[in-house]
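Given next are the chains, with one letter for each unit.
Number of protein chains: 2
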Amino acid sequence: MTTTATTLKGQPLDRNVLDSILRRRMFYTPSFEIYGGVSGLYDYGPPGCALQANIIDIWRKHFILEEDMLEVDCSVLTPHDVLKTSGHVDKFADWMCKDPKNGEILRADHFVEDVLETRLRGDKEARGEKIEEKEEADAKKKKKKTKGQAAVKLEDDVVKEYESILAKIDNYNGEQLGDLIKKYDMRNAATGAQPSPPVAFNLMFQTSIGPSSNLPGYLRPETAQGQFLNFAKLLEFNTGGMPFASASVGKSYRNEISPRAGLLRVREFLMAEIEHFVDPEGNKKHHRFHEVETIELALLDRHTQLSGLTTVKHVPIGKAVSEGIVDNETLGYFLARIHLFLKKLGVDQTKIRFRQHMANEMAHYAADCWDAELLTSYGWVECVGCADRSAYDLSVHSQKTGAPLIVRERLDEPKIIREWEVDIEKKKFGPFFKKDGKTVEAAVLATTQEQREKFAKDLEANDNFVIDVPGVADGKVEVGQDLLKIEYRTRTENVREYTPNVIEPSFGIGRILYSLIEHNYWTRSSDGGDEARAVLSFPPSVAPTKVLIVPLSSNKDFAPFIRKLSQKLRTVGISSRIDDSSATIGKRYSRNDELGTPFGITIDFQTIKDGSVTLRERDSTRQVRASEDEIVAAVKSLVDHSKSWADIESELPIFEGQEVEIR
Amino acid sequence: MTTTATTLKGQPLDRNVLDSILRRRMFYTPSFEIYGGVSGLYDYGPPGCALQANIIDIWRKHFILEEDMLEVDCSVLTPHDVLKTSGHVDKFADWMCKDPKNGEILRADHFVEDVLETRLRGDKEARGEKIEEKEEADAKKKKKKTKGQAAVKLEDDVVKEYESILAKIDNYNGEQLGDLIKKYDMRNAATGAQPSPPVAFNLMFQTSIGPSSNLPGYLRPETAQGQFLNFAKLLEFNTGGMPFASASVGKSYRNEISPRAGLLRVREFLMAEIEHFVDPEGNKKHHRFHEVETIELALLDRHTQLSGLTTVKHVPIGKAVSEGIVDNETLGYFLARIHLFLKKLGVDQTKIRFRQHMANEMAHYAADCWDAELLTSYGWVECVGCADRSAYDLSVHSQKTGAPLIVRERLDEPKIIREWEVDIEKKKFGPFFKKDGKTVEAAVLATTQEQREKFAKDLEANDNFVIDVPGVADGKVEVGQDLLKIEYRTRTENVREYTPNVIEPSFGIGRILYSLIEHNYWTRSSDGGDEARAVLSFPPSVAPTKVLIVPLSSNKDFAPFIRKLSQKLRTVGISSRIDDSSATIGKRYSRNDELGTPFGITIDFQTIKDGSVTLRERDSTRQVRASEDEIVAAVKSLVDHSKSWADIESELPIFEGQEVEIR
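As they're listed, the protein sequences go chains A and B.
Residue numbers for the first sequence follow UniProt numbering, beginning at 1 and rising by one.
Residue numbers for the second sequence follow UniProt numbering, beginning at 1 and rising by one.
Don't read these hints as lab results, they were simulated from the structure.
Take the hints with a grain of salt, since some may be wrong.
Think about it this way: if two alpha-carbon atoms lie no more than 30 Å apart in a straight line, the pair counts; the simulated DSSO-like pairs of lysine-lysine are [unchecked claim]:
no., chain 1, residue 1, chain 2, residue 2
1, A, 643, B, 568
2, B, 428, B, 476
3, A, 636, B, 568
4, B, 61, A, 344
5, A, 568, B, 61
6, B, 61, A, 564
7, B, 643, A, 564
8, B, 344, B, 285
9, B, 556, A, 285
10, A, 91, B, 251
11, B, 344, A, 636
12, B, 485, B, 454
13, B, 636, A, 636
14, B, 568, A, 61
15, B, 476, B, 61
Since the model is a prediction, treat every value here as computed from it, not as a measurement.
Could you build all of it, start to finish, from the sequences and the hints given here?
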């Protein structure tokens, strides 16, 4: 977790420099900044907006189109009852503690992490080791931590203890975090005080719907619930076919306790979520698993983490599933597909790992859960979650509302079932038990085959039986033979009913977007010896704008060529921008390297003579020259990744003319 | 306003039938329906979602790409201060009244409208005229209105009065609506009671941001404010160039009092908004106005409405601007561009009009405002607003925060300015007036040239002057000559500073989507004499899915052809779906006509022999047959609208073989 952040070319990554470029070029900017801003809220400017749109577009093609998923767009406003049933009202919380001196509110796990990491840094310093630059960059944090950051050497076994805690930090609950704070005497560096014991803080934004404020609601914390509630309609839309997946792209909201870390921890964020509904019988096989089984993933399983380590294993997903590291084929299939998606976007393959959730970290109903994490200057960041949510959500919503969120499958051959069945005599049963009627009935119907067999014998022998019903009378209830029948019967079933399980790949688009920027960022020194110039080497399909059109000067004769070229590019679906400012061509290209624009087309006096233009590639700064149509065709093939720059160089004449000026 | 709704082919439109198709085919569905639903909240299913995405895609190309607008994506959560400044906290409200008997909450203007329309219908019935079917369809409403809907003949002048009120219904404030309710003794049909006087109800959803609930906020009611707050950054991103436009697509929220009318009045909705920033000097000319000036629009101006009429005039936009019907070229340019956009989507050209806002209806700062309205079975529906917001928003945010939301323009030739200037002696002025210092200073600086000249003379004569400052002392303040200087000076300005005006085209995507469905809906009788079959004749670019692939039967030999065809279509960017269910080909095509799928490709045994397939067009049900590649190319040209179906019929052999079966 504690490697020094690097750029695409392995240079040390200075986050302050990168941040200032991203704000200056309006990739994103704090929302409401002229009003002082609100932490955890950001606006995307034109390049950020285009980058986001391209990521979503690739996501839609990679997942929805490729697998015929059913896209839905559901309401963000969600009534209380839905989120009460789903468990979010009771359990969607983080642990929060308060500094008793200055009232500062801290997120407990982040506080513990910060304190331990600070102490480990102090230890390294005392031992004379090189200190990583992570966190140092954040001037505000640095200031706050001055007190804690003294170079104090720790005992070797204390260092191991700290590292072990950090490796499983996501596995602690509030009480355990409180114990750690006391045990290691952790104090808020700003005040020297020990924070109060952690309490749960629900992360949902609350509001009320309608004019009479009578319907409490929340902003959804995930898009998933809307998809679950529509399950029956989606199944019908899919003409009953299983398995199938729904998908949704939209904003969700979490009232983070103390958001920092820029785009990585925000209160309003774009998610892309898939709910893949699958038959729980038959080990959740996936019919396309063979297509991905040889793909190797970097896995950090839960056993490794619980042993206090963070070592990854590189394993083909086929092997990971067959060895039981990953629970089932469908889950494994999606992990591999997520990997391919991130690769397509241009994520650095050395900075990705799949981390398995530990038991306490996982929702109680989940069968297995893996996060795709990307390494950034903030450490490893969870960008995609992929959980097996079992039948939990569909079951609870069905129980609560009575809506049948199930699949009815015609059986090829009827199933003969022999079992003990209970028939309640409704007319007598209810009046007999009065207010306890429903409770007793539920208890009777919940009995196992073994119990029923015993009760049937009791009835025969004694005309009654005694059943445990907690909360009714003294917990023992006597049921007489006039109130029900228990019989061993044979019946034939032609239809099987089941509640599907759900595999949920869930993508945090903002986190992916930010990590992608860090992974594609590097600097190159300029010929003139100026300061290093930033480059964002996005793949062409991801880049906000594909082409910069650069007339050599503001000469009016260039205007018709600019117009025609931009029109031609638009016709083949390629976005371009024109920079006809008075800056030198070199400066103009540099500015666009910062925006990640992969190609530049120069229009010069030669263009007026013979219609030829030059095409420059961002990463190599090399150029070719050809006719306008050839260049447009070349750009198209580069943007749809059907050709590489090397292909283009082998096909079109290299241009060296303005090399010095344009580099 | 009271025409009977019709389908694309002029048939009477039965909204109940259409609604049930739209829900069954999952264009949209009430959100949280298994929990009983929440009025004003809807989810889009797969076809609705695709339709919405296509509308947005066309919008982006038509506006953002075509005019190089700067797209931004801003936060929905908005702190109180921002919306206080913008005026929304105080004024973003509807008039609400309450039925004293059953507590029902009514939106006052809708209530007045409903009562008067019901009385006019009763009058028509009494006169033996044909009654329109509008509203009748809504069974619930019908029931409620039983009492009011008696066939009572009205005096001729009363009918005129009612019609005149309805024509300007949007022009009444709360008090006036209350007066109308009393004057015409309007009663809630459900109870026979007269509702309470209207009170203002703020339409914003409130929440609080952060763990300590100390930052009150709202869900934005429009995307505009985020764009205004980023003005300075956007201007810089645009390297200072004016005019320019920002644009945003995103959800906004309005806590409607009593939402009905399906997708037309919802609490959560997708908007697409443009803020075009323009220099207020020089009559807001637009450099591309000549491209649109001959386009004829159906205009309903405010004078016509105030005279109680709803007659539209068909006027070329050039003439409308030169005659002052539309305030300026930039506003006129966007009205024409909006018209072209709606036309491109497939809006019925006979069901569109541009209605000008009346004085009371318009925000007080607006210079002019027109709504593009589409005629549906609910009457005329505002789908796009196009307002000249003047410099209001930028000015108030700038005043509140001190951020300079202005343009600085270098003057070609310096401007010599001669005027009275005030220099405050800060060191003495503040201490002298103590707590009133800022107020008095503001009053002094707000003086006109005439006042300054007079004050300068007073100072010379009496060593002081007296200025009106409401709220300070008795409203009169004496200012001595030691506190300031007032002098007539000459200075040279090289830079002009101004606050841009804003022209704002604002699109309600859900309303456009619904109106578009009604405009493209019709029914055709089937050959077999079954019930009428629904068709949604969306233009190919708008249709949710472009192609249905239909194998003649479930024969396994078809599988490779299906796969290859769907792959080929995907490669050229065309979405397709496969229907290999066991229904007849005719049934399968019928189902897809309901979804608006424009083309169908049949794979049959001939395909296996020679690779040829048939292509069916949805509206004519006619077919051609050719090789797979020819058909894919034909579909591509049809979808990008470079060819018409007539072109294809003239190029490829007509196929009549399965006509009866496939119609």
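For each hint, the structure was consulted:
no. : hint             : verdict
1   : A:643 with B:568 : 19 Å, holds
2   : B:428 with B:476 : 19 Å, holds
3   : A:636 with B:568 : 18 Å, holds
4   : B:61 with A:344  : 25 Å, holds
5   : A:568 with B:61  : 14 Å, holds
6   : B:61 with A:564  : 17 Å, holds
7   : B:643 with A:564 : 23 Å, holds
8   : B:344 with B:285 : 26 Å, holds
9   : B:556 with A:285 : 23 Å, holds
10  : A:91 with B:251  : 28 Å, holds
11  : B:344 with A:636 : 26 Å, holds
12  : B:485 with B:454 : 13 Å, holds
13  : B:636 with A:636 : 18 Å, holds
14  : B:568 with A:61  : 14 Å, holds
15  : B:476 with B:61  : 59 Å, violated
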